[in-house]
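Residue numbers (my numbering), protein chains in the order written: chain A, 1 to 251; chain B, 252 to 629.
No wet-lab data here; the hints were simulated from the structure. Please note that a few of the clues may not be correct.
Covered stretches of chain B, as calculated for chain A (at least 3 residues, CB under 8 Å) [claimed, not checked]: (1) 301 to 315; (2) 383 to 396.
With a straight-line cut-off of 16 Å between C-alpha atoms, the simulated EDC-like cross-links for lysine to aspartate or glutamate are [to be verified]: (3) K260(B) / E273(B); (4) K585(B) / E511(B); (5) K198(A) / E586(B); (6) K515(B) / E575(B); (7) K193(A) / E557(B); (8) K265(B) / D301(B); (9) K583(B) / D487(B); (10) K427(B) / D390(B); (11) K427(B) / E442(B); (12) K265(B) / D390(B); (13) K193(A) / E273(B); (14) K87(A) / E307(B).
Heads up, the beta-carbon is just placed ideally off N, CA and C, and yes, glycines get one too.
In case you want the letters, here they are:
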Amino acid sequence: MVPKTPMWTIKIEPHYKPPTAMPTCKWQNVLLYRGTDFMQDLSALPFAQAYKSIYAEMSFLELAELISELIDHKISFEPSTLLEAYKFRLDAKTEKVLLALRRLPQDFYAWAKLHSLSAGDLYSLCNLPQLPEKALSHLAQLKPSRSFGIQLLDLLVDCQLMNLSEDECLKQASTFEAWRANLHTLRFPQTTKRDEQKKEYLLGLWPKSFTVRWLRQGDRAGVDVHFFVSSKKELAEKIESLQRVHNELAD
Amino acid sequence: MNLPIDPIKNITAKYERIFIEETSLPSPVAQRILELVPNDKITVCQGKPDIPTSSEFTGEEYTRSKKLLFITKHPGTFFKRCPGAKKGLACCNYYVLNLGLQCDMDCSYCYLQSFINTPYTIVYSNLDEALNELQEMYDSAPNSPVRVGTGEVIDSLSLDPLSLYSRTLIEFFRGKPSWRLEFKTKSAYVEQFLDCSHDGNVIVSWSINPQHIVETEEHKTANLDERLRAARRALDKGFAIAFHIDPVIWHEEWQKNYSELIEKITTQFVPHEMPYISLGSLRFKSEQREMMRERFGMNSYVTRAEMFPGAAGKMRYDQTLREEMFAYIIGKFKEKSPQWKVFLCMETPETWINATGDLPMKKDDMRSLFRPLQVERT
Chain A
1 MVPKTPMWTI KIEPHYKPPT AMPTCKWQNV LLYRGTDFMQ DLSALPFAQA
51 YKSIYAEMSF LELAELISEL IDHKISFEPS TLLEAYKFRL DAKTEKVLLA
101 LRRLPQDFYA WAKLHSLSAG DLYSLCNLPQ LPEKALSHLA QLKPSRSFGI
151 QLLDLLVDCQ LMNLSEDECL KQASTFEAWR ANLHTLRFPQ TTKRDEQKKE
201 YLLGLWPKSF TVRWLRQGDR AGVDVHFFVS SKKELAEKIE SLQRVHNELA
251 D
Chain B
252 MNLPIDPIKN ITAKYERIFI EETSLPSPVA QRILELVPND KITVCQGKPD
302 IPTSSEFTGE EYTRSKKLLF ITKHPGTFFK RCPGAKKGLA CCNYYVLNLG
352 LQCDMDCSYC YLQSFINTPY TIVYSNLDEA LNELQEMYDS APNSPVRVGT
402 GEVIDSLSLD PLSLYSRTLI EFFRGKPSWR LEFKTKSAYV EQFLDCSHDG
452 NVIVSWSINP QHIVETEEHK TANLDERLRA ARRALDKGFA IAFHIDPVIW
502 HEEWQKNYSE LIEKITTQFV PHEMPYISLG SLRFKSEQRE MMRERFGMNS
552 YVTRAEMFPG AAGKMRYDQT LREEMFAYII GKFKEKSPQW KVFLCMETPE
602 TWINATGDLP MKKDDMRSLF RPLQVERT
């Protein structure tokens with residue numbers, strides 16, 4: 001029979017769902033999974049093996065949450081074996097991330113879990129003496145995609161390590177794009193200044209019949225120029241205009 | 252040979268433990284270590300020393316790898332083409348002979364941080380096999396202007412007072428005039444080979460930077476003046492010398508500091524005393540950022556640098572800034588004398604043109620360095 005009030009139920013709900021016909025499973029005094037009315041006792045197995053027999057897949061962050069829960073409830077288990085069961089390795093790097101994760105704001109943790117961030121994606125947070133909790137929560141609230149979120153996190157960590165205050169880092173942060181632009185300016189002040197000067201100069205050179213857009217492509221910044229012609233005459237005019245721009249362009 | 256004791260002491264002091272793989276025991280390098288290093292620092296082991304590490308190194312693990320030394324045989328190929336030999340980069344026929352792995356010095360920008368995953372510094376004990384490979388390569392291209400460098404994944408000379416590999420290599424290159432041996436170092440250790448006779452085809456090169464950058468970014472290296480004095484000593488003994496001003500690092504006072512560096516070089520040396528000076532700007536793989544940030548924080552010109560994805564998948568300064576710095580440095584040399592041969596290392600053709608006016612193949616003083624090889628090892 002399934003006990004109505006188990007001593008303790010694991011709260012984490014992994015993304016992986018076991019088959020519906022799975023019996024209810026317990027391990028020692030822990031209810032691992034509530035399934036059919038039939039109760040299976042997995043206490044004879046090591047914890048990692050018992051858990052893996054129910055949840056075939058776990059992300060790193062789900063495992064981190066599980067480990068955290070087990071530690072909080074003083075359950076005797078081997079974290080390295082549990083991680084290895086899911087092809088993760090407990091090494092110095094993972095250990096540092098596991099410790100940092102315990103301090104993360106809940107909403108950021110949920111966002112990171114949703115996007116299956118890895119230990120490597122979050123490792124930069126371990127370099128911070130203090131987590132920018134407000135900023136991390138704000139990031140989660142903006143609901144960025146995985147890659148945009150990681151980009152923003154990287155900029156945020158850089159800015160924090162540059163001793164910029166969290167409040168300064170949170171200026172102009174109402175939208176993802178605006179926030180990223182502001183963090184970029186804080187992180188790359190010299191380039192921003194240079195780009196602004198170059199942009200103003202370069203954009204001012206072109207006649208209105210050209211569509212001109214300022215672009216940074218990696219380590220190069222310049223203009224993307226488009227024009228339309230429908231006759232040889234128009235092309236000649238454009239070439240003449242191009243020549244004028246060429247002549248005006250400083251070396 | 253008798254050497255001043257200090258280099259050996261200095262080198263030994265950097266290591267907490269020296270492991271010697273037992274099959275390497277008969278090698279000259281192992282024998283020399285057994286003779287010169289206190290026994291309580293040495294462990295003879297079967298296979299690799301058992302040192303637990305993360306699959307991806309933490310900063311602490313990387314730093315620890317500089318404090319353990321492992322003497323072992325190299326199981327693979329010693330001879331490799333320089334990483335600059337890639338599509339999209341102008342390269343200079345440089346070949347790499349790896350005689351070890353990891354460095355006892357600790358530059359913040361060091362590219363070894365992007366790929367080292369061995370928990371110790373390695374010095375290969377089977378130099379004889381490396382020389383066999385070199386001989387085979389030489390037999391297939393005896394007349395090609397091949398440059399062989401030993402300083403890509405380990406400094407050529409910083410451990411040399413202990414290994415004395417320079418002496419064996421110099422001897423090997425004797426009688427091979429079209430080939431050049433290039434040592435590349437940030438140390439000042441040259442005394443151990445200055446008495447070796449050679450055919451004038453050995454270049455001892457120093458990676459140099461203004462003293463301010465040495466102090467802030469090139470930790471545990473010889474200071475600028477020591478490097479320049481060592482270069483003078485080598486030159487006076489008939490060795491060719493070269494300087495690599497690499498990486499050029501932007502900082503507020505860069506113009507003043509690089510001017511002073513050029514002033515020092517041009518007052519202590521004359522152009523005909525060195526075949527070239529190479530210039531390269533700060534660059535690193537993006538994967539390396541995390542390690543640098545962890546190890547050096549953001550109070551470094553390197554971690555704080557404003558870098559963007561550039562050629563060959565590396566992070567680089569904005570191209571305009573690179574061109575400005577290169578043009579400034581080249582201009583300063585040319586102001587002193589047009590005879591100075593300065594070339595750019597690992598740069599795109601666009602940067603060559605914008606900083607120097609043309610591609611290296613079209614410049615009279617550079618052409619010989621960039622002539623493609625007739626025979627290439629695959």
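Against the structure, the hints:
1. 301 to 315: holds (count 9)
2. 383 to 396: Violated - the stretch 383 to 396 of chain B has 0 residues with a Cβ nearer than 8 Å to chain A, which falls short of three.
3. K260(B) / E273(B): Distance of about 24 Å is beyond 16 Å: violated.
4. K585(B) / E511(B): holds, 15 Å
5. K198(A) / E586(B): violated, 29 Å
6. K515(B) / E575(B): Distance ~21 Å between K515(B) and E575(B) Cα, so the pair is violated.
7. K193(A) / E557(B): Status holds; Cα separation ~12 Å.
8. K265(B) / D301(B): It is violated: about 20 Å lies between the C-alpha atoms, which goes past 16 Å.
9. K583(B) / D487(B): Violated. K583(B) to D487(B) sits at ~26 Å, over the 16 Å cutoff.
10. K427(B) / D390(B): Roughly 10 Å separates the two Cα atoms, so the pair holds.
11. K427(B) / E442(B): Since the Cα atoms of K427(B) and E442(B) sit roughly 23 Å apart, the hinted pair is violated (cutoff 16 Å).
12. K265(B) / D390(B): Not OK: K265(B) and D390(B) at ~39 Å, beyond 16 Å, violated.
13. K193(A) / E273(B): Since the Cα atoms of K193(A) and E273(B) sit roughly 59 Å apart, the hinted pair is violated (cutoff 16 Å).
14. K87(A) / E307(B): Satisfied, since the Cα-Cα distance of roughly 15 Å is no more than 16 Å.
In terms of the numbered hints stated before, the structure departs from hints 2, 3, 5, 6, 8, 9, 11, 12 and 13, listed from lowest to highest.
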